[in-house]
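Colleague: The residues making up each chain are set out below.
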Amino acid sequence: ILNVEQSPQSLHVQEGDSTNFTCSFPSSNFYALHWYRWETAKSPEALFVMTLNGDEKKKGRISATLNTKEGYSYLYIKGSQPEDSATYLCAFMGGGSQGNLIFGKGTKLSVKP
Amino acid sequence: NAGVTQTPKFQVLKTGQSMTLQCAQDMNHNSMYWYRQDPGMGLRLIYYSASEGTTDKGEVPNGYNVSRLNKREFSLRLESAAPSQTSVYFCASSEDWDRKTQYFGPGTRLLVL
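Chains P and L, in that order, give the protein sequences. Just so we're aligned, residue 1 is where the first sequence starts under this note's numbering, counting upward by one. Just so we're aligned, residue 114 is where the second sequence starts under this note's numbering, counting upward by one.
Hints were generated in silico from the structure; no laboratory data involved. Each hint should be verified, as a subset may be incorrect.
[Said to hold, decoys possible] With a straight-line Cα cutoff of 27 Å, these simulated DSSO-like cross-link-like pairs (lysine-lysine) come out:
# : chain 1 : residue 1 : chain 2 : residue 2
1 : L       : Lys122    : P       : Lys108
2 : L       : Lys213    : P       : Lys108
3 : P       : Lys108    : P       : Lys58
4 : P       : Lys105    : P       : Lys69
5 : L       : Lys127    : L       : Lys170
6 : P       : Lys57     : L       : Lys213
7 : L       : Lys122    : P       : Lys105
Produce the complete structure using the sequences and hints provided.
Modeller: Next up, the structure:
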């Protein structure tokens, strides 16, 4: 059974703080890694799809890096705002899986004004 | 563009009853997916359809069947509901299965008594 781990499970920061969290995944048979943002009472929304070792993606104040050789990805949020409060999910796709994403349990971020 | 729509939004069933959850997308996507979300668990894939005419089992397929009715619609059927199937069900679609973002519907909350 493939295991995708996210840490920390939850995080509380003050507005303006920068923060980061980790997604660990199997380092063999890598195909793609997805990051999603999930606000309470809404549906998950895509942030990034990462495919190459060393990939760095950026969307506004949010960025992500990928290390497929060691099996981890970092998500960074610069200058957190209350509207960044959400659960951040990563999902691993192995080779030959045809879209079968294995999701981590997420990191729940709370940003206090 | 409605994106991914799901019906119903909420349903209560008695053990042993059957029902079908409907999902439709208007983005001309080839691939569609059904997930369940349970407290303390990540999103888990039930079934997916990489392209029209194909369906495959995901991580937790037992107790479910699916039909890819056409390119737009992908339904999930519970033949004999059990309390363990109480969950929130999300449908998603993507342009194709290959490293493409998945777009999620609003979810169906199912309670089996």
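Colleague: Give a verdict on every hint.
Modeller: A quick look at each hint next to the structure:
Of the supplied pair hints, the one linking L/Lys122 and P/Lys108 holds, its CA atoms being roughly 24 Å apart against a limit of 27 Å. A hinted pair counts as satisfied when its Cα atoms are at most 27 Å apart, and L/Lys213 with P/Lys108 qualifies at roughly 24 Å. A hinted pair counts as satisfied when its Cα atoms are at most 27 Å apart, and P/Lys108 with P/Lys58 qualifies at roughly 20 Å. A hinted pair counts as satisfied when its Cα atoms are at most 27 Å apart, and P/Lys105 with P/Lys69 qualifies at roughly 22 Å.
Under the criterion of a C-alpha separation no larger than 27 Å, the hint pairing L/Lys127 with L/Lys170 is consistent with the structure, at around 25 Å. With a CA separation close to 15 Å, the supplied pair P/Lys57 and L/Lys213 stays within the 27 Å bound. Distance restraint check for L/Lys122 and P/Lys105: the Cα-Cα separation of roughly 23 Å lies within the 27 Å cut-off, and the hinted pair is therefore satisfied.
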